[in-house]
Amino acid sequence: MRNGKKYQTKHKMFVSYVIVPVSILLVISSLFSLVYYRISHDSMLAFENSTSETVDNELKNIMDNLIKSSAQYAMTPWVKRLKYMQRTPRLMEENITASDISDYAGMLTLTEINDNMIESIYIYYSLGNFGISSYGKTGWERYLDLNQIQCREEEFISGEMLDKNNQKLIFHDVSLVKNGRRIKGFFLIQTIPLENMYSGEVNILFFVPYENIYSYISNFTDEGTRYLYLTDGERVIYDNGQEEQILAVGESIEYLKSGEKNYYYSIELRHYAAEYTKVGMEIGVLQILGNDFLYRDFLLFAEWILAGCLILLGLILLVAYRMTKYSYQPLEHIMDMLLEEDYGDSINEYQIIEKALEELDSQKKRLEVTVFEQNPLIEQYILHALLNSNKPQANEVKYINTIRQYSLYRALVLKDSSEVRQYIREIDSCLAIYPQIHAAFLEENNYYIWILSYGDEELIEEISEILSQTFSESGYEDTALGMSRVHEDILHLLSAYNQAVRALEYAFFYPEKKIISMEENYIEERERSCASFEIDKKWMDELKKAVIEMDAEKFVRQYQEILAYNFRSITLNKEAFFIGIRRLNNGIPDLFEGSDRGNITEQMELLNPENYRSMRSYLQTFERKAGAMMQRCGARENPVYYARNEIIRNYVEEHLTDANLSLNETAKLMHYTPTYFGKYFKEQFGCTFQKYVASRRIESAKKYLLKGNMSVQEIALKCGFTNDVTFRRTFKMYVGATPSQFEKENIM
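If you use UniProt numbering, the sequence shown corresponds to residues 1 to 748, in order.
Rather than coming from a laboratory, the hints here were simulated on the basis of the structure.
Treat the hints with care, since some could be wrong.
What the hints assert, rightly or not - No farther apart than 25 Å at their CA atoms in a straight line, the calculated lysine-lysine pairs in the BS3-like style are these:
| no. | residue 1 | residue 2 |
| --- | --- | --- |
| 1 | Lys257 | Lys68 |
| 2 | Lys415 | Lys68 |
| 3 | Lys415 | Lys261 |
| 4 | Lys718 | Lys707 |
| 5 | Lys261 | Lys168 |
| 6 | Lys68 | Lys137 |
To be verified - Derived DEER-like restraints, expressed as beta-carbon distance ranges:
| no. | residue 1 | residue 2 | range |
| --- | --- | --- | --- |
| 7 | Glu525 | Ile28 | 33 to 39 Å |
| 8 | Ser158 | Arg181 | 24 to 30 Å |
| 9 | Glu534 | Gln469 | 18 to 24 Å |
| 10 | Glu525 | Gly587 | 35 to 41 Å |
Even glycine gets a Cβ: it sits at the ideal position worked out from N, Cα and C.
Make the full structure from the sequences, and use the hints.
Spelled out as C-alpha cells, the structure:
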C-alpha cells in the first residue's frame, strides 16, 4: 500500500513539475508559431505582389515606348519628304536616290530601352511598294530573304498586312538570323498615316526578340519568382529554355486568368501565380512563385524556436528533477515511518502524514520545513492541519508565509453539490488570470476552500466582480460563494474558514448575489446582534382583517412587510430571524375560525424556512399556501366532510405511535380506495397523508424532548419511528436542527 501511495505522490509531483510546464511551453510555442506563420506568409506575399506589379509595369513601358518610337519616326525628314512627294509620284521616283536612303538608314537610332530591345527595323511605304531598312531600299520579299525570316502566319509572309492600317498589331513566333544565330521573337507593326490627298501610308515594323524582353523584365524579379513566362494572353510563347518547367511553350493559360493583379493560389498548379496581359496588345507575362520561398522565413524561425524549446525543455527537466528529489524526500521519510499494517485504499495522503507524525518520539525527528521548497502537497497538508485546530511548528508557519508571498489573505468557500466540479473549474479559471493572487485549494467537511493570499485589496474587489459576472452569465443561479474578512496571521485560518461558511449561510437573504462577504450587507452586525423578532399587535390585526375580507393579496403583502421590517430595521441574525418566522407562523392559525383551523395549523407547521434555498422561494411557497387557505375558508367546510375529517384526525392521533400507520389502512377505515383517499386527504388537509403524519409525530417528539427525561431512541419508538436514524433525519428536515440541538436550545 505504501509503495502505491509513494508512486501516486511521485506521479503528482511529476505532473506538477514536468508535464504542466512542458504543456504550457508547447501550447505557447505552437500558438506563437501559428501567428508568426500567418504574419510571415502575408508579408512575403505582399512583397511579391509589389514585385509582380513592377514587372507588369516594365513590360507595359516597353510596349508603350515601342508605340512612341513609331510615332517619332513619322517626324523624320525622310518620311516628311514622302508626305510632300506623294502629290507627284514621279518626283518621288526620281528624287529618292540610293544616297538618300543610305543616309537615312544611318540615322535609324533608338533611345533608352528600345535600343536594346529591337533587333531589326523596317519602314515600308505602301503606295510605292518599297521600304527601307539597315540594308537600304528593299522590297518586302527582299527584306525577308536578307534576314531569313520565318513565320507560320501566311498573312505576314505574303505581306498582306502592309497594305492595311495596322494599330499595335503583333505577329508572334517569328524568327530571323542575326550574326549567324536564329533569334525568335515578334514583329510589332504600326501604321503612320501621311495625311494628304493620297491614301498612301507608312508601316513601321519593329522586330523584338523574346529573349531581350525576358532578360530585361527578369531583372525586376527576385528570388521568390520560381518560373517566368512570356505569353500572348492565351498561351505560353517563351520560357527561356530552363529545365523542370511547370508549363510548356504553347500550353494554354486561360485557367490562370483571375482578373486580379496580385498573386493568387492556383489549385491546378499548386503554386501562387500572377498573370498580366497588356491591354490592346497580345503580349503578357506570367509569374509563378516557389512555395518554399513563402515559407523560408517561417522555417528559419521554426528552427530557432525549436532550438529554444529544446533548451527550455532541458532546463525544465533539470529543475523538475531537483525539485522532485528534494520535495519528495520529506514525504518519503514520513511514509517510511508508517507501521507495517495495511490501511486500505481509502486512506489519503493527509491521514498518512498525520499518522506518521503521531509516531514520532521527539521534535528532532519531525520534518524540517526548510527542505520543502515550493510543494503544493506540503502546503495543503499544513493548511489542513490548521483547519483541524492542530498547532503547527514555527518552521511550518514560516514555510506557509514564504509560499504565500503576500501579507493579506481571505478564505473563499463553496458548498458541495452535484455540479460542484464545474463550479470549481470556473473559479480556478478566474483565479488564473491574477498571478498576484496566490491560491491554495482544500476540501473540508463538504466545503471546497480557496485560501487567497494577496497584497492589494483592490484585487479582491476585481476577482469578486469577475466571479459574480462569470456565474451569472453561465446561468449558475443556485450557486454562491462565502468570503471571510481579511486576515494577516495564518494561525487564524480556522476563524477565516468559519467566517466564510457563516457568510455563505446568509445567501438565503441575498439570492441575487454570488459572493457573500462577511464585511458586506451588515452580516457582522447581525452576528453580534442579540435582538429578537418583533411581532406587533397592529400587524396581526391587519392580518386578521385580511382574513375576514378574504383578501389573499393583502394578507401576503402584510406578511412580507413584517419580515422586511425585522430583517432591515432590527438586523437580526439568521437563527433569530428563523425563530421569529416560526413564531409568526404559529400565530397565523389563530386568525382563522371554524373547522379549517386545525388544517391551517398543520400546513403552517410544515412551512419551515430552513427547507428553502432562499427567502424568495420561501415567500413564493407561502403565497401559494395563503391563497389556498383563503380559498378553503371562503368555501367553508361541508358538515359531512367535517365529520369525516374529524374521524381521520382522531384515527391518526390514536395511532401515531404505531409504526404500521399507513394511507392504505386509513383508507380501509373510511371505505375508500387508496388512490381516491390520497386525493381526498390532500384536498381537505392541504398536504399528503405521509407529510401530515410526519409533522404530527415531530410535534409529539418536541413535547417529549422538552420534558428531558427520555433518550432519543426512546422518543423515536414512542412517536412511531422504526429507528432513531430515520427519526433524526426527519426531525432535522422539519425543524432545521437535530433532536439534541433542539433540546439544548430550548431547555436552556
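| task | Could you check the structure against the hints above and give me the numbers of any it violates, in ascending order? | result | Hints 1, 2, 3, 7, 9, 10 contradicted; others consistent.
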